[in-house]
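*Asks:* Got chain A; can you put chain B on it based on the hints?
Spelled out, the chains give:
Number of protein chains: 2
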Amino acid sequence: MGKQIRIGIVGYGNLGRGVEAAIKQNSDMELVAVFSRRSPESVNVIDKNVKVIHISEAERYQADIDVMILCGGSARDLPEQGPAFARLFNTVDSFDTHAKIPAYYELVNEVANMSGKTSIISVGWDPGLFSINRMMSASILPKGETYTFWGKGLSQGHSDAIRRVEGVKGGVQYTIPSETAIDRVRSGENPSLSTSEKHKRECYVVAEEGADKAKIERDIKTMPNYFADYETTVHFITESELKENHSKMPHGGFVIHSGTTGEGNNQIIEFSLKLNSNPEFTASVLTAYARAAYRLNKEGQTGAKTVFDIAPGYLSPKSAADLRRDLL
Amino acid sequence: MGKQIRIGIVGYGNLGRGVEAAIKQNSDMELVAVFSRRSPESVNVIDKNVKVIHISEAERYQADIDVMILCGGSARDLPEQGPAFARLFNTVDSFDTHAKIPAYYELVNEVANMSGKTSIISVGWDPGLFSINRMMSASILPKGETYTFWGKGLSQGHSDAIRRVEGVKGGVQYTIPSETAIDRVRSGENPSLSTSEKHKRECYVVAEEGADKAKIERDIKTMPNYFADYETTVHFITESELKENHSKMPHGGFVIHSGTTGEGNNQIIEFSLKLNSNPEFTASVLTAYARAAYRLNKEGQTGAKTVFDIAPGYLSPKSAADLRRDLL
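For the record, the sequence lines run as chains A and B. Under the UniProt record's numbering, residues 1 to 328 are what the first sequence spells out, in order. Under the UniProt record's numbering, residues 1 to 328 are what the second sequence spells out, in order.
Next up, chain A with everything else stripped away, as it sits in the complex (with noise of 0.2 Å):
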């Protein structure tokens, strides 16, 4: 295979984690350094060898790393820490706020062409490989609709929402397909269906002591915009069970495009995920996509890239001869 795929991490939370988990299991890229805005002794990575280094000093490592994976968030992170290190480094992010892709992608293409370096926005897997799947199954039957259904799933607003409520003392909201939404549409009946429609809301809540639970029930279930539009159903669980059945982060979701072909023949695409770990799924989507923006930049094709425009042969350590042979 050559040489390594030298690859740095920007932002060390639970994606930057999941990151450095996901380098150890390819044996083409090896882990140059990690960066924070933290004090360097204060991260925590896996390996005790990892370099950790402030963020600040990142820029004297231009020579020694092929790709920076940025695991920053898109709020607050990302709009800056993508075109800075576009203008350094070929990079890789999941910028995910769906409304401002657009306005994100212009930036990072314009420094990214200027600098001669790769830059892949918005991976992971929505956006990322559901978006993959909605293009391309409304690509091949035009003549059909396209569902996502979102789940089973840590919500992190939501949990949040939960929070708030007087009485709380912690919680976490699952996210869960309706099972009649999903096989309605497996069916080819082609349903509209709003959103409340296909997910209902699932809170595990611990209450604090002598609080009223009727009324923490009924008020998460009231909450505009986060609950009263579902079908939600509240728990009341001990602190110690909170801790240990609901500190895990699983997600998921499906995506299916129901469409008709010639006289009116049903025909059914289906792409899932069931993620015991949404932030290390995610992180082994980046770090494959990070193989990708080191060939490409390889071959000159340089500036802001999407899931679009990457053929999925780039994703493999794997030869074009060899996934031929073995994988088509």
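What the hints contain is simulated information worked out from the structure, not anything from laboratory work. Some clues are possibly wrong.
Copies of the same chain are indistinguishable here, so a pair counts whether it falls within one copy or spans any two.
[Claimed, not checked] Once the Cα atoms are required to be at most 27 Å apart in a straight line, the calculated DSSO-like pairs of lysine-lysine come out as:
1. Lys200 / Lys213
2. Lys51 / Lys143
3. Lys152 / Lys48
4. Lys152 / Lys51
5. Lys221 / Lys143
6. Lys48 / Lys213
7. Lys3 / Lys143
8. Lys143 / Lys215
9. Lys143 / Lys24
10. Lys24 / Lys48
11. Lys3 / Lys200
*Replies:* Frame of chain A, contents of chain B only:
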């Protein structure tokens, strides 16, 4: 959208007919002509206005056709037609003899490189969409196993085998994926499964009058290679039931990749198809890839390509900016 993509169809069986239907669903394409080895009057196209031309005249249509979709079979037609047409046209085909793909690729690639044409080979769902999913999943989760299940679907080879049994007047065979095996894979157990453990075979048989049904059933179930290793069910039906209930060509299947990340977190990626018409679906995939062949050639990307080499965005009639805004 600019000008229409002008398509030609070579070979008019179930697949060619499916392509004719698919082109009607794509407003950026038009069908110029169907080319057949049969006498043009005997080819029964859907739209009577479509020109049917003898295949020997195809060469004269180079200026009128942007992409030829080759709808012949892999055993006898494509090994000859693939290279012959790549000399004159951009092409898309569904060459599906897995073991011979590398040699076929070399053959077509050499011709297409010389002629400056773009030829996308082995397009469809397996090889094709299933290959993309096997390859991407294994690249994203390298620590894992990929499982391919076929069905429920009509198998032409096994149906032929049934019809060769003494006393059988007609019949069809469906390959059915084993639910037990699928559930084991979905659970993340990563079992070792042979093809016969993954699939069951269901036969619908019309017996000749006075034939020994018990013997027919025994002959089928003990037939080596085809049925002996499988859980096989034989149903006897009437000739009219065969015609009425078993004349469609449904198919489908599942690609399930079960991997682990980090400290043993299971992650499952699943892609599945449920097709009421196998040839019409394959035709729809070929038609979307014809758009890619046209565009790649415009960009000067010539030679033979497979689905691994095609960025997903090339399949869509939408612009890259529209895709980023609407589908990412």
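*Asks:* Against each hint, give a clear statement of whether it holds in the structure.
*Replies:* So, going through the hints one by one against the coordinates:
1. Lys200 / Lys213: Within one copy only: 21 Å inside, 52 Å across.
2. Lys51 / Lys143: Between copies only: 25 Å across chains, 53 Å inside a chain, cut-off 27 Å.
3. Lys152 / Lys48: neither (34 Å within a copy, 51 Å between copies)
4. Lys152 / Lys51: Neither: 36 Å inside a copy, 52 Å across copies.
5. Lys221 / Lys143: neither (38 Å within a copy, 41 Å between copies)
6. Lys48 / Lys213: Neither: 46 Å inside a chain and 71 Å across chains, both beyond 27 Å.
7. Lys3 / Lys143: between (47 Å within a copy, 21 Å between copies)
8. Lys143 / Lys215: neither (48 Å within a copy, 47 Å between copies)
9. Lys143 / Lys24: between (43 Å within a copy, 10 Å between copies)
10. Lys24 / Lys48: within (14 Å within a copy, 60 Å between copies)
11. Lys3 / Lys200: neither (49 Å within a copy, 46 Å between copies)
Hint compliance for this structure: hints 3, 4, 5, 6, 8 and 11 are broken, all remaining hints hold.
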